[in-house]
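Enquirer: These are the residues of each chain, in order.
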Amino acid sequence: MAIDATRLRADFPVLQSSKAVYFDSACTALKPRAVIDAEASYCLELSACAGRSHHSLAKKTEERFEAARERIARFVGAKAPELVFTKNTTEALNLVIRSADYSSRKKVVSTPLEHHSLLLPIMEQERRGIAKMGMLAVLPDGTVDESSLSLIDKNTALVAIHHTTNTTGMRAPLEKIVKAAHDAGALVLVDGAQGVPHSRVDFGRLGADFLAFSGHKMCGPTGIGCLVGKREAFEKLDTFIVGGETVETVSLQGVKWKNAPKRFEAGIQNYSGAIGLAAVCDYLAKIGMENIERHEHDMAKKLIDAIATLPGAIIYGNPDPSKRCALVSFNLKGIAPHQAALMADSLSRIAMRSGVFCAQPGMEALGAPKEGAVRASLYLYNTDEEVRIFAETMQKIAKMG
Amino acid sequence: MLCFVALAVFLFLSVFSAKYRPLARRALDCVVKKATLRPCDTGLDEEIKAASISGIMKISPGGASFLNRHFEAFSLLFTLLFFASLFFAAQGMYNFVVYGNCNGFEGGFCIYSGLQNAAFLKAPTSLQGISAGNPNANITLIEFGCYTCPYTKAAETGVQGMLSKYGNSVHYVYKAFPLPAHPNSREAALAAFCANDEGKYWEYRAALFGRQEDVMQNGTVALYSIARSLNLTGFDACYASGKHSEQLQESTDECTASGIYGTPTFFVNGKAFAGPGAIFDAEKEVKRLLGE
Numbered sequence: 000m001a002i003d004a005t006r007l008r009a010d011f012p013v014l015q016s017s018k019a020v021y022f023d024s025a026c027t028a029l030k031p032r033a034v035i036d037a038e039a040s041y042c043l044e045l046s047a048c049a050g051r052s053h054h055s056l057a058k059k060t061e062e063r064f065e066a067a068r069e070r071i072a073r074f075v076g077a078k079a080p081e082l083v084f085t086k087n088t089t090e091a092l093n094l095v096i097r098s099a100d101y102s103s104r105k106k107v108v109s110t111p112l113e114h115h116s117l118l119l120p121i122m123e124q125e126r127r128g129i130a131k132m133g134m135l136a137v138l139p140d141g142t143v144d145e146s147s148l149s150l151i152d153k154n155t156a157l158v159a160i161h162h163t164t165n166t167t168g169m170r171a172p173l174e175k176i177v178k179a180a181h182d183a184g185a186l187v188l189v190d191g192a193q194g195v196p197h198s199r200v201d202f203g204r205l206g207a208d209f210l211a212f213s214g215h216k217m218c219g220p221t222g223i224g225c226l227v228g229k230r231e232a233f234e235k236l237d238t239f240i241v242g243g244e245t246v247e248t249v250s251l252q253g254v255k256w257k258n259a260p261k262r263f264e265a266g267i268q269n270y271s272g273a274i275g276l277a278a279v280c281d282y283l284a285k286i287g288m289e290n291i292e293r294h295e296h297d298m299a300k301k302l303i304d305a306i307a308t309l310p311g312a313i314i315y316g317n318p319d320p321s322k323r324c325a326l327v328s329f330n331l332k333g334i335a336p337h338q339a340a341l342m343a344d345s346l347s348r349i350a351m352r353s354g355v356f357c358a359q360p361g362m363e364a365l366g367a368p369k370e371g372a373v374r375a376s377l378y379l380y381n382t383d384e385e386v387r388i389f390a391e392t393m394q395k396i397a398k399m400g
Numbered sequence: 000m001l002c003f004v005a006l007a008v009f010l011f012l013s014v015f016s017a018k019y020r021p022l023a024r025r026a027l028d029c030v031v032k033k034a035t036l037r038p039c040d041t042g043l044d045e046e047i048k049a050a051s052i053s054g055i056m057k058i059s060p061g062g063a064s065f066l067n068r069h070f071e072a073f074s075l076l077f078t079l080l081f082f083a084s085l086f087f088a089a090q091g092m093y094n095f096v097v098y099g100n101c102n103g104f105e106g107g108f109c110i111y112s113g114l115q116n117a118a119f120l121k122a123p124t125s126l127q128g129i130s131a132g133n134p135n136a137n138i139t140l141i142e143f144g145c146y147t148c149p150y151t152k153a154a155e156t157g158v159q160g161m162l163s164k165y166g167n168s169v170h171y172v173y174k175a176f177p178l179p180a181h182p183n184s185r186e187a188a189l190a191a192f193c194a195n196d197e198g199k200y201w202e203y204r205a206a207l208f209g210r211q212e213d214v215m216q217n218g219t220v221a222l223y224s225i226a227r228s229l230n231l232t233g234f235d236a237c238y239a240s241g242k243h244s245e246q247l248q249e250s251t252d253e254c255t256a257s258g259i260y261g262t263p264t265f266f267v268n269g270k271a272f273a274g275p276g277a278i279f280d281a282e283k284e285v286k287r288l289l290g291e
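Line order of the protein sequences matches chains A and B.
According to numbering that gives the first Met the number 0, the first sequence is numbered sequentially starting from 0.
According to numbering that gives the first Met the number 0, the second sequence is numbered sequentially starting from 0.
There's no promise every hint is true.
What the hints assert, rightly or not - Dumping the calculated PhoX-like pairs for lysine-lysine here, alpha-carbon to alpha-carbon at most 20 Å: (1) A:K398 x B:K57; (2) B:K32 x A:K369; (3) B:K57 x A:K395.
What the hints contain is simulated information worked out from the structure, not anything from laboratory work.
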């Protein structure tokens, strides 16, 4: 079923109050009324803590919080005990990379295309002499070179890789990577920050051991993210941030830790964020992730067609729209990326990000200059009319070069 | 390069509005980095460039394209011009304070002291108008003024001071030049002529300047109110009939022919004085002619 983006826009208050053409959803997506109301409902109706106190407000908070966990887990094809709430994808990635067991296997395999949130924890582990980094090769069109999968070997503790990159919107060949990792006895951590919001991701079918994603990139609240993991994979992790509610018992002689997910949820949690994230999962599920994916492929095609006609335009990654979500990074000849983005905002209030998108090695691997590129990232609320405005505006800007 | 200009501009604007202070801080950060040979990463240059080119693009896409291609050269030129202007302005101010003229000892045209003897300002050929002082004096001081002009009002104290000091040595002539930009300027000029008919011009003129705001806002009502306070019995007949319309038109035509662009403008024996502080320059000229 095709999405009626024009009708959907009525669900997003910011699109009613602002006339901006919002093409920056890969940075953060807009919030529908359902999410805003759900977040507010915690503050208005509950405002208590879960899992600690025994009064009725605390019990209700616990019920709503755990119900949210259940709904979010279901959205990604997981079970509630498999879902740990985190601050965002960055924290979820740090949790796994910093807590994994490197006693017998040292190597962490990844790709240069990753977000800094995934690369930096690996680099930190290497700097501390805890782990060793291994990089899969990347082809000029931005795809992972499958011939380099042999890098994943018996010394590999963890393979940490994107589902969909934030620089090209293209997917990694996860099926092959997961198989290669499991054949070698390594764990697989998938960065789903750009994958979960834009496509149907089923944790069970994915086969990975961990999946990290954020609420705010899928129209949910900021400050809430998730780490989904298999029970046996969580058991292989050391503790990360510890504190209240992560333990069964504590004495000065020792600690008995709780099992996941509680073992990794120290302190008071972001209850309103979790409730808001559950609301957006329901919202997206009602629209249908397959429908959103189809809409995005359609938008990607129109976007790429528009950019391809710009004089001197360079599109990073494979220009085949069927291989991407509605995200395109590009440059215009003779115009710096920041300037192009600022001019698009000034001329037609088009909101786009420019720079290296917290993926500097990735942009270098794609052949972008050190200033980076302009990124247009669309979502379910973007329309053909907005792509037309984008095309007209970028035509004018491209002629400046 | 533009961050140097931006710093000066935003620092100045920051004095008047807090919203410019973050911009001034960013410009300062950029200037410090450039001064220490580091790349400026505040993005301010790019924002200025994007805003400038976007603005020009709406008027002239070709011009915007040209500016985009040569932006660095334009930035450098603009920055050099800006700082050269600042230097010369500061030098002029220093000279003005120390020597009384922006050019120092050399003298000549100085923008701070107004226009003197500008070629486009031609002395009037007639002495028609409201007269005071000594008609046989060797020095003639002509003023082109507007009763509802705040600058003419500001100069009035100086005019009266000169008349009281040099009344015997100077022949003063006032020529009405009602400027359309000043509300009720024409009405005030006609009313002053009517007061002159009854020999009460100077009282009426003092009241016009004293109640300038009232005259500008309430026009005829205020003019009649002043006339009543001075017991001008023939005022209504004179003013209502527009008795002096022709005389006012002649005065206005004369002003236009002289190239007057603003009020007040003074002529001392044919030498023009206009702009800021013109009355003081005119007084200096009178003193010079009197050998004081």
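Enquirer: Take the hints in turn and mark each one as holding or not.
Expert: Taking the hints in turn, this is what the structure says about them:
Of the pairs offered as hints, the one joining K398 of chain A and K57 of chain B holds, with about 13 Å between alpha carbons and a cut-off of 20 Å not exceeded. Between the alpha carbons of K32 of chain B and K369 of chain A the distance comes to roughly 19 Å, so the proposed pair stays at or under 20 Å and holds. The straight-line distance between the Cα atoms of K57 of chain B and K395 of chain A is roughly 10 Å, inside the 20 Å bound, and the hint therefore holds.
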